[in-house]
Amino acid sequence: MKVGIEVHQQLATKKKLFCSCPIVKSETLPLQFERRLRPTQSELGHIDPAAVFEFAKGRSNVYRWNPESSCLVEADEEPPHKMNEEAIDTSILIAQLLHSNLVDEIHVMRKIVIDGSNTSGFQRTAVIALGGELSVEGEEVGVQTVTLEEDAARILGEDAHSRFFALDRLGVSLVEISLDPIMGTPEQVEKAALYLGRALRSTGRVARGLGTIRQDLNISTTGGSVVEVKGVQKLNLLAKVIVYELTRQVGLGKIAADIKKRGIRRVRCTTKDVTDLFRSATSKVLVKSVKSGERVVCVSAEGLAGLLGYEPYQGIRLGKELAEIARANSLGGVIHSDEFGRQGVSKEEAEELEKAMGAGKGSAFVLVAGDESKANGTAALLEVRLGQALGGVPAETRAATEEGETRYMRPRPGPARMYPETDVPEIVVSPRRKERLFEDVPVPWGEKVKEYEKKYSLSPELALQVYDSEFAHTFERLAQGTRLTPSVIATLLVEIPVRLTREGIKEEKIGEEVLVELVHAIDEGRVAKEAAPDLLRVVGEGKAVNVEEAAKFLKLKRLGQAELGRIIDEVVRKNRSMILSKGEDAFSPLMGEVMKEVRGRVDGQLVGEALRLRLRKRGKGKG
Amino acid sequence: MADFDGYRGNSLEFLMRSEAGVGDMVEVGTEWGVITGTVVPRYQYDDDRHIVLKLPSGYNVGLSIDRLKGLTRKSSGEKPAFAPPPPPPSPKEDLPRVAILGTGGTIASRVDYRTGAVHPAISSEELYALIPELSEVARIEPEIIFSVYSENIEPENWSRIAERVSEAVAGGIDGVVITHGTDTLGYTAAALTFALQGVPIPVILTAAQRSSDRPSSDAVLNLVGAVSVAGYASFSGVYVAMHDSESDGRVALHLGTRVRKNHTSARDAFKSVGVSPAALWSREGLEIHLEGLPQRRKAAKFSSKPRFEAKVALLKFFPSMPLTLLEALANGGTRGVVIEGTGLGHVNSKNIPFIRRFAEHGGLVCMASQCINGRVNMNVYDTGRDLLSAGVIPLEDMLAETALAKAMWVLANSNSIEEARSMMRASLCGEITERTLR
Ligand SMILES: [Zn+2]
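The listed protein sequences derive, respectively, from chains A and B. Residues in the first sequence are numbered consecutively from 1, following this note's numbering. Residues in the second sequence are numbered consecutively from 1001, following this note's numbering.
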């Protein structure tokens, strides 16, 4: 395998890259406008396949915005302002960290992007430095380029007519680092990304939080086309995504081999409108489509019967690939002949379809339903895809899913179509600027982790966990601002949340605000630290929005001294005989029993002290 | 012969010494290693210490010639292949004929991604290829009459356009579209309205606020809207067709005498002032919003009045305006002045004797307001009344830019200063409205 990785890291600049808007995620987006992007033609007369694909979908883009986070620059209603100097400085710093060689003059380019995520139809991007290397546990991974670019608009959703975007993220500074392809294990790729992320964070000038760092992958197996996988947001999904994609690619190779085994040298397809056959169909889905005036179009592929449902590996089927293409065109999916039975297409219908299509023996059939232009347009794409089945892996752009799989997005764009952004003057990087920034090159992250270990007496693992988390700054602040020991704070901020995500709780449900509230609540004695996992679980499961509510939900009320005393008295009374027989050794079992009653409502240490005191008093009383 | 587009001084010398020019594939040695790329043009005012290379990835980078360790030409640049665009759909015979007169600014273009150059589409074939939907709207007849930046347009350009429109009408065209840069589009629209009074077909000016090489350009919708209106509208006359809002949906048609560029960069920069847009076009159809528009007429006799007097000034009054300014204009042969006065139509009263002298010597002095919205009224304050008695003609709610174009046209198309003055007071083409409604 061969995996190229591009890491996109948002910078923590005060303003956006080409305007003075602040970096804010807007909760409300009261304004909107609607646009259509057109593919532009190059001098050679060809149009990018990816661009045509997007335009052919015929959808408009609706942009929603809030003046608190966007202005006319993001709306493509005003030319870009000068490039943000702070962002240039930070990217120069990052380049130096990676021993990458700075260019002498920065030229901003327009890179054509026509999926609507940029209002202009292109992304502004500039090379800052070339070459360099990243050290990963003693091994060097080559750096290809360090570029500074604007982030895209945030997608909100889509329907059959439009795609909806928020403009708040558009124009945020992003550093893109592309590494040389790694020919190792998926874990090695993940490790490289992890080390790169740590290096970036060591500058203290990059944004933190979910979605502020994204990974794109270029994955290929020997001899296969390169598949671009976009938008892996979580580092711990990287290896999983790579494994899935490699499995898919090998699986497609097996399917291709099977097709060849059947003696097929070219997949012959026919497309026909077969709506009339399904006017009184047995398949509920098809009946519904036909009744609402949609067309049903069939694509037949000679000799492929049985191969659309064939699953060389779990979840890898040609039929699934076809369905993904239909879904990318906002249709529900496809029904193919290997699953006619399961989809409620009767035997008689299948026979009539075979007749109508006039296809030879052993043909596979794929049905797609939608309005006339969409159904036909998608059928044309399905024909192309069936034709590619013989070649194994087609070059495409896929999106990473939250489950660590990949989904079809669009054909791979042709070679990057770039031309100069004439609205932004080039920037000379003076030797003096390089020198000045050289003094700002941060301490390597390894040293920073050691510093945590020493200064806060954390274990090496916990120190690294704090450094890797989003909460390093928060940790430092709380370690100084509360009476809790740093290791308790670190456990609360990073260890417990990680444990909970393993239980299946969504990481983003437990935000910084809640964690900070929890630390303060424990510090002020409002809840006991033993209750922390339960409290966060309740918040993570959405049963409460904050710690206070979670405590109410769990009926956790801080026990008063008097009540604790009463509970201890009760336990001591019940176990009188055991105390008599065991003496001092009775402490542990008694402690366990008391804790069962009071867990989460009072600190364990306090319980211990109170119990010991009570036992001593009793001993004395007996004389 | 190598091409050194934009290179000068040291960087030019550096390239010449290496016998490499723009478009050549080269290898350069840097302090850190060898880079391969294509030499691309530099801008005229850039420094002479860098060369720009396009890397194989498509990115441009600038490299300091002081730090380069030599440059080797690997191969000469391939000339851009002007392969023909995909075959255009051919329009149906029964569609209306629409002339598209280009005056500057590109409404459609192709990008040469190799050098970054933008090439305008000139022929109808190219236009159909780039904007296929045009072939379903009209049989277009494109023609570049001149290619001038909007800010460099002069009255003689207006004359040329008016003559061309006149000829096209004589040739039986169904409508005319004029593409134009946006900066002075409002002035040209007003000028043409006067020069083309009585034109029997729609004459639609259109432009783009976002250049046509971008996927987000507003040019296509504006052009398709303009061609549709020119080909099918039931009305005639001169209009500006531009985006009605920041969305790609509706194109507003503004009366040529009541339109103004009110924003430097937004798609809906052009606004009708004091009236609503004459009509709104969208792919769903055309809605007419103003009553009494002149009707389209078939086979009507028409001749334009294309002459303009260039010696007219538009003078914006400002608090420290030197008293000698008006005198200097008069001495320079200026025949008419449109003053953009303050508020209801005032200037510092110290100017009044100069204005009186200018008018007494046969000069045309008119007053519009710098307020943009509203109407001048020079009877409310003493200064206004004094200006009137000095011979200033109040222009009611006429836009200052329209007033300038009108004064230029009036002075070239009247027989006496008295006639010119009375023409300025009259509303010839809707440039003055009787009722202020906004
Ligand atoms: Zn902004």
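The hints are simulated quantities; they were obtained by calculation from the structure and are not laboratory data. Just so you know, even glycine gets a beta-carbon here, dropped at the ideal spot from N, CA and C. Careful: at least some of the hints might be erroneous.
To be verified - Heads up, simulated SDA-like pairs for lysine to any residue below, C-alpha to C-alpha not over 25 Å straight-line:
1. A:Lys15 x B:Lys1271
2. A:Lys2 x B:Ser1057
3. B:Lys1271 x A:Glu78
What the hints assert, rightly or not - Computed spacing ranges between beta-carbons, pair by pair:
4. B:Ser1245 x A:Arg432: 25 to 35 Å
5. B:Gly1029 x A:Arg432: 47 to 57 Å
6. A:Thr247 x B:Asp1094: 31 to 41 Å
7. A:Glu439 x B:Arg1067: 49 to 59 Å
8. A:Gly358 x B:Asp1094: 34 to 44 Å
9. A:Glu451 x B:Gly1070: 23 to 33 Å
Hints breached by this structure:
Hints 1, 4, 5, 6, 7, 9 contradicted; others consistent.
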